[in-house]
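Engineer: Same order as they appear, the protein sequences are chains P and A. Following our numbering, the numbering of the first sequence begins with 1 at its first residue and continues without gaps. Following our numbering, the numbering of the second sequence begins with 235 at its first residue and continues without gaps.
It is possible that some hints are incorrect.
Claimed, not checked - What follows is a set of in silico ranges between Cβ atoms, one per label pair, in the way DEER data are often shown:
{"id": "1", "chain 1": "P", "residue 1": "E50", "chain 2": "A", "residue 2": "S410", "range": "34 to 40 Å"}
{"id": "2", "chain 1": "P", "residue 1": "D85", "chain 2": "A", "residue 2": "Q259", "range": "42 to 48 Å"}
{"id": "3", "chain 1": "A", "residue 1": "G343", "chain 2": "P", "residue 2": "R224", "range": "33 to 39 Å"}
To be clear, the hints were calculated from the coordinates, so they are not data collected in a lab. Note that the coordinates shown come from a computational prediction; the quantities given were computed from them, not determined experimentally. Quick reminder that beta carbons are idealized off the backbone N, C-alpha and C, glycines included.
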Amino acid sequence: MSGPIEPAARAATPVTQMFGTLVGVGLVCGFLIVTAFQATAPIILQNRIEARARAVLQVVPGAVESHPFRFVSAPEPHFEAAPADASDGELVFAAFAGDGALVGVAIPAEAMGYQDVVRILFGYAPGEQRVVGLQVLESRETPGLGDRVEKDPAFVGNFAALDVTLADGGEALVHPIEIVKPDPTRSKTPWQIDTISGATITSSTVARMVRDMAALWVPRIAARLEDFRPEGAR
Amino acid sequence: MSETIRPGQEPVSTTDEFLKGLWKQNPVFVQVLGMCPVLAVTNTARNALAMGLATLFVLVCSSTAVSLIRKIVPKQVRIVTFILVIATFVTVVDYVIQAISLELHKALGAFIALIVVNCVILGRAEAYASKNPPLRAAADAAGMGAGFTFALLCLGVVREVIGKGALFDVPVFGPSYQEWVVMILPSGGFFTLAAWLLLFNALRQRRARRAAADAAEEVAA
Chain P
1 MSGPIEPAAR
11 AATPVTQMFG
21 TLVGVGLVCG
31 FLIVTAFQAT
41 APIILQNRIE
51 ARARAVLQVV
61 PGAVESHPFR
71 FVSAPEPHFE
81 AAPADASDGE
91 LVFAAFAGDG
101 ALVGVAIPAE
111 AMGYQDVVRI
121 LFGYAPGEQR
131 VVGLQVLESR
141 ETPGLGDRVE
151 KDPAFVGNFA
161 ALDVTLADGG
171 EALVHPIEIV
181 KPDPTRSKTP
191 WQIDTISGAT
201 ITSSTVARMV
211 RDMAALWVPR
221 IAARLEDFRP
231 EGAR
Chain A
235 MSETIRPGQE
245 PVSTTDEFLK
255 GLWKQNPVFV
265 QVLGMCPVLA
275 VTNTARNALA
285 MGLATLFVLV
295 CSSTAVSLIR
305 KIVPKQVRIV
315 TFILVIATFV
325 TVVDYVIQAI
335 SLELHKALGA
345 FIALIVVNCV
355 ILGRAEAYAS
365 KNPPLRAAAD
375 AAGMGAGFTF
385 ALLCLGVVRE
395 VIGKGALFDV
405 PVFGPSYQEW
415 VVMILPSGGF
425 FTLAAWLLLF
435 NALRQRRARR
445 AAADAAEEVA
455 A
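Using the sequences plus the hints, can you model the full thing?
Structural biologist: The following block contains the structure:
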């Protein structure tokens, strides 16, 4: 780095030149950034839509197509088809089989984990009344510890067939999801989620998200299954 | 290749300008600069390579641009101008990586944006590009960028192979390998960097000893 500006040098550079240089460089830089943004925006948007669609098909086995639907609470609670790039409002993602039949609905959730926000997507199959899959979309948890929520087969297995059967009246679950510590001596019920020893905070966060979001969304979805039609969303 | 002679200096070719960043003045192993991405995103070889290439692109573009405008930028506003130029190319890289792979963008996280404050880049702009013509500035930046990428890969390869038993996500030890998780944790970055610095310093000292011995033999002869 050079030393302090000498008085002679300071006097020799007119203020207009300094100002003009900054404005000129700023304009060129602005042009470059906007051009790069314009050129890459459609590709980035397409990448995001594809990544979301892939995640939906992974958490709902048997699905070949998915579309976002937005929950609208007034005047009457219902779901309406949302654009493929929708990101605002209360969204869920309906997954359909090849013949257009609804296979399941993927529900997104996010909550604070041990280090940062953990974002997940889990699949709910209304026909079986079960949670049928879970994927962690975003996590910065400790490698080897917190990231076991993605890799530990026993923990991931919690969400392969988690019971979320609705009670008569359809407003609550028969057996609210329970979060328990792993215990090989205890027989596990289908509505229990075992946490991971050594990754208690992250695994409890994921389990709580599924418990709370299932309690919220399963009654809503089950009451309006007729809203989920692929032809309306295409 | 073109050569320039500065007062009191040996002529240096453009090729030498490029090569010095790879070895003699390697930004990581010799100058120990830019430690933040070196330690943070070298947990896998793929992340290390991507971060190295992103930094190489920003280095070459910003050094060339700074060299092109060096005669019109007043001394008083040079630093803010350099930062503006560097930040522009980092933003472009950020968009390009998102377009190439969202997964890669997620893996590199905040460290893409932090390329703006990588001292290797501002250092080359201030110390070299602002005083030399564009071709030499580009060669210097390409050498430094390649050296930085090489160093990141050195760390990334060791950490992924030991920490995950894989290289570029391809298993190398088979399923029975017990992963050394510590190597992909932050502390593993320090251990690996220390080992590489030890190796490089040992090599440099051996070379210096040999040169001294050769010189002594010549004098004796």
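Engineer: Now look at each hint and say whether the structure bears it out.
Structural biologist: Going down the list of hints, with the structure as the test:
At about 36 Å, the beta-carbon gap between P:E50 and A:S410 stays in the expected band of 34 to 40 Å. A hinted range of 42 to 48 Å for the beta carbons of P:D85 and A:Q259 is consistent with their spacing of about 47 Å. Between A:G343 and P:R224 the C-beta distance comes to about 38 Å, which sits within the given range of 33 to 39 Å.
When the structure is compared with the earlier hints, no violation turns up for any of them.
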